[in-house]
Amino acid sequence: MTAPTSALTRPRATGSALRRQTRRFAAVSGVTLFAIVLVSAFLMPLAYMTATAFKEHEQLADQNAPLFPARPATFEYEGEAYPIYAVPTEAGIREWALIEPHREDAIFIDPANPEAGPIEWVGRWRTLEQVRHVELTFENFASAWERIEFPRLFLNTIIIAGLSTFGAVVSAICVAYGFSRFRFPGRNGLFLVMLATIVLPFQVTLIPSYAVYLQLGWVGTWLPLIVPHFFSNAYNVFLLRQYFLTIPRELDEAAMIDGAGPLRILRSIIIPQAIPAIVAVALFHFFWAWNDYFLPLVYLQSEPDLQPLSVGLGRFTALYAGDPPTLQAAAILAMALPVIVFFLAQRAFMRGVVFVGVEK
Amino acid sequence: MTAISESGTPRAVAARPPSGRFSSLETREALTGLVFISPWIVGFVLFSALPMLASLVLSFTDFDPRAVDEIHFIGLDNYVQMLHDPILIQSLGVTVRFALLVVPTTLAFALGVALLVNSTLLAGRNVFRTLFYMPMQIPIVASTVIWIGVLNAGNGWLNQGLAVFGIQGPDWLNSTTWVHPALVLMGLWGIGNMMLIFLAGLQSVPTELYDAARVDGAGRWGTFRNVTLPLISPVLFYNLIIALIATFQYFTQAYVISNGRGDPARETLFFNLNLFREGFAFFHMGYASALAWLLFVIVLALTFVLFRTAGSWVYSGADR
Chain A
1 MTAPTSALTR
11 PRATGSALRR
21 QTRRFAAVSG
31 VTLFAIVLVS
41 AFLMPLAYMT
51 ATAFKEHEQL
61 ADQNAPLFPA
71 RPATFEYEGE
81 AYPIYAVPTE
91 AGIREWALIE
101 PHREDAIFID
111 PANPEAGPIE
121 WVGRWRTLEQ
131 VRHVELTFEN
141 FASAWERIEF
151 PRLFLNTIII
161 AGLSTFGAVV
171 SAICVAYGFS
181 RFRFPGRNGL
191 FLVMLATIVL
201 PFQVTLIPSY
211 AVYLQLGWVG
221 TWLPLIVPHF
231 FSNAYNVFLL
241 RQYFLTIPRE
251 LDEAAMIDGA
261 GPLRILRSII
271 IPQAIPAIVA
281 VALFHFFWAW
291 NDYFLPLVYL
301 QSEPDLQPLS
311 VGLGRFTALY
321 AGDPPTLQAA
331 AILAMALPVI
341 VFFLAQRAFM
351 RGVVFVGVEK
Chain B
1 MTAISESGTP
11 RAVAARPPSG
21 RFSSLETREA
31 LTGLVFISPW
41 IVGFVLFSAL
51 PMLASLVLSF
61 TDFDPRAVDE
71 IHFIGLDNYV
81 QMLHDPILIQ
91 SLGVTVRFAL
101 LVVPTTLAFA
111 LGVALLVNST
121 LLAGRNVFRT
131 LFYMPMQIPI
141 VASTVIWIGV
151 LNAGNGWLNQ
161 GLAVFGIQGP
171 DWLNSTTWVH
181 PALVLMGLWG
191 IGNMMLIFLA
201 GLQSVPTELY
211 DAARVDGAGR
221 WGTFRNVTLP
231 LISPVLFYNL
241 IIALIATFQY
251 FTQAYVISNG
261 RGDPARETLF
271 FNLNLFREGF
281 AFFHMGYASA
291 LAWLLFVIVL
301 ALTFVLFRTA
311 GSWVYSGADR
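Chains as they are written, first to last, in my numbering: chain A, 1 to 360; chain B, 1 to 320.
Derived by calculation from the structure, the hints in this document are not laboratory data.
Incorrect hints may appear among the rest.
Claimed, not checked - Simulated DEER-style distance windows between Cβ atoms:
{"no.": "1", "chain 1": "B", "residue 1": "261", "chain 2": "A", "residue 2": "25", "range": "54 to 62 angstroms"}
{"no.": "2", "chain 1": "B", "residue 1": "261", "chain 2": "A", "residue 2": "64", "range": "31 to 39 angstroms"}
{"no.": "3", "chain 1": "B", "residue 1": "166", "chain 2": "A", "residue 2": "104", "range": "26 to 34 angstroms"}
Only a predicted model underlies this, so the values are computations on that prediction, with no experimental measurement involved.
Each residue gets a CB set at the ideal place from its N, CA and C atoms; glycine is no exception.
The shape of chain B in the complex, shown without the other chains (with noise of 0.2 angstroms):
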């Protein structure tokens, strides 16, 4: 950047203060604000750089919690353990394949959804935002209950609708062909973030461009393609990245489904319930601080890896 004013002068650099008098202040200023920011810092190094250094750590033990004294190194074990453990390599293939459908699954959903609360033909906008982001208040917990009724093959309202139309409906979530399209159909119900920012995203596209179009001559289809995507391709872009994180962490309804066991058939055995089930049940601790490494990593490298990707379809504004 160039410190050129309007005027074609070069701006007059800010005159520094004399030392001396201000600088003191200017260290008080800077004491001040480190006082003020100390929780974030003492939290962080307490919660966070600590605690992910001792993982790291205890990523080469056979760390277990109730055998504090007998902890040993064991080199790169349970990363080569890792690469023979069935379950691991399931529960991997569990979380990719579901990823792969919920995840597109839910953003349409949500941005269709959001159209449709931001479309100026829609009579009472606010109450249908507030009913379609209304089930995100529900606990998790309590929305899996209602899901585990409505899917009940039974006496649940799913099967008895599709009997209407003469479809016997399986038996949702013990069978392994349709467990995870029933997690997706429970998914939906948890789009209320994502609507809200791409609704948020929407109303940050200028009218004059949605006009030029109309001039243009283009359709709904045409302007949707053409002006509202491009436009909105960085809050599409925020969204994927937060869903797949999101995916990559699933556990409650997996946990409630199942009863912790990720059945059927270790069909909702998801990265993060294999995780708890070797820390927390088994108490392998070292191989599940390795597990959790290797969650980092997958999440650094897929956020990495749109963020290089990004630049050939996220618009991020008029050359600056």
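One chain only, chain A, in its complex shape (with noise of 0.2 angstroms):
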């Protein structure tokens, strides 16, 4: 960089800079308020999930009742509860209970002062809107929670998941490490294999697999969820190498020379200088796991006490259709856990994913 140019020329420059950083802020607020509208369009579905989930079923049913949930306000009078009504008076607008409708008139009573006694208004009742207060219900938990069974359905997803996750960050950390660091006879042309396999499509193997399983007696276990991830994956296999290749050599070396072997340079020198690329292969598999439906499906459709949150959730759908506040207030407890471990490790997860987008 040189010098500024010359003092003289400076006034002028200030000035305009100060424009630029006028239209500047314009355009940082424009574009920002864009994508803010459109995340929230995007996100709507949320916002509907947690409405839906906090409603009163009566609510539902209710032509005239808000999208937030709320409750219609009542006023006990006599041993009796009679619905609010904003009602406009002379007086400007009151919250009366309304005691006994007519059709041209009413007959309301001042939650307020109740010692007033009735109150006759004229008009149509029918026209007045009806006061609500924001009430959240949390019954719609409490009967999705019993009725999927979920804490039994979350346990198996955490089994299945957490040691399915298990054995692929081993056999990819250990597949990797041979694939990084190891010369061997055809070792691309295994590589290459390897990577062919990722563009294979589950279903061509799906059907044999199951029938070994069958024989096996695995199908109604969880065992065809789990052993084979015990055999790595590409994927995982892919990124780790990629990553593995990016530490130096000269560290093994070292390690090499002071007398370390294979296992002690892996677990010494390799694992902790990847670990940002072993975080993320295990979120990204945990995360694929727990969100699994083809397979478990197949594997355990017989046995609901066995499944996971995937396939519960899904058999619930089928059988309450008609009880959104429901089905919404499992979802919600269905995507919970995956989506709390997301904001949490959110950052390593990003480089991980943007590590594989890079390398492709």
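Reassemble the complex: the two chains are provided individually, in unrelated frames, and hints are given to aid placement.
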């Protein structure tokens, strides 16, 4: 960079810099506002889900009910509950309880001053707006929790996803280490074959595998969902290998001179250096296993007690199609853990995904 | 490649170690490497190669897992049956029509969002990136449940929103006309990975090129058309292939909204749902194996055709 041109041009430069800054500020505000509108529309279904999950069933049937969870306000008068309406009066709008509706007039009572007795009001009460209070109900969660047997499904999912993630990570580390650090005949060919399996649709191997698992007595157990992951997955290996290649070989060589064997190098050099990539692979796999629907459906169709959340929720959707609040509450329960994990691990995760993206 | 170093002299070929002492070291290295990759080799043989072969064999049989003893070779019957199977032809048609609708839409949306969250004019870019990515973490069944609610003809928010503008919304998921657009809307929730891959592509475009384009007087559209698009065409290509393959494996959403039946009027009987039904509802596993091979051939053919045409539109960097 060269020094600023001359002192003479400075004042004008400052003026235009200010203008530039204002323009930039306007552009930033515009783009950011647009992004806020877009992301709000994008995430609107989440608002729907939340609002519905906290609604009482009666509210869904009510045409005039608001979008948010609310309950009609009532006032108890002489042992009975009466709905409250917003009534226009000479003194402005009053919230009165309707105790005796007629066609062209109605009798109200003022909850703020019930001693004053019934008030006669002339007009059509049907045109009045009912007063509602925001009120969240938690009973949908309780009923979803019970009816889908949430604790059991949740535990099943944790075990399946946890064990298969463990297997996937350990095996991918080993295989990626083998591919990235050792020379052996046919290495490149094998690596290519492995990459090619990424394009292989899993359906092609599905039916014979199913037949074999059936013979082994594995259908209706968790084994088909867990065991294959201990034999590594091309995608995970690819990602880890790319990362391992960026770790300087000098580190291995130094350790080797100190007498470390390959396992030792893997444990004390490679793994600590590759933690971000390993975390990314683990999260990827965990989310995948948590969300998978097809394979658990195939292998656990007839075992409701062993099913993961995805299949349990799918079954529930068919049974409770007419009960949106309970369904939406169940959806919240099913998505809570992965979404929480995602927000906690978001930085590591995004880095991992972008890393894969760059390498492709 | 010629082995000429910068100084112009031939590069010294690495001296081969004298055999004997070193070759045993080499053997040991090779063996260690093979031991480390052995989980994959075993897994590949057990879970990919053998099942693939077996599924090819099964596709020429009438295999039913409930009657393993009564398995017959029926030659090409399964493949011939495909030609006359109206349900398969329906499922292929549904899948192709859906692909033509969903692939361009999601690619365009993902690219648009990537451009937005890559813009230096956007404040809080990381927050937006995370929010646009977030639905990826919602289990597909759960997100389908959410969308079933949003798209509900009566009290779903989409139709209530349309009603504000005086538009009577359709019964999305039960209308043969609207069920595909509804599934596309659902599909927009799954742009996360695509968006991040586009983002990585956008970030690898050298800023000098943008400066050069500005000096040449290119506008926003011109810069996008002539600089950004060609330079991100490799990631566009990658996303296109992944999206096409995903469409041919589309399953969960269709299964959940139609209770596994492919309704309305088989309009959501996607290829993979049909395969699942043949194999795991009707136990026509020989036929389902043939369908799986058809799927494999389709995916290979699509990939092959795309790679062949890629040369004409995918920019692969300056001639190397």
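Results for each hint:
The hint said 54 to 62 angstroms for the Cβ distance between residue 261 of chain B and residue 25 of chain A, and at roughly 55 angstroms that hint holds. In this structure the supplied range 31 to 39 angstroms holds for residue 261 of chain B paired with residue 64 of chain A, their Cβ-Cβ distance being about 36 angstroms. At roughly 31 angstroms, the beta-carbon separation of residue 166 of chain B and residue 104 of chain A lies within the given 26 to 34 angstroms, and the hint holds.
This entry satisfies every hint, going by the numbered hints stated previously.
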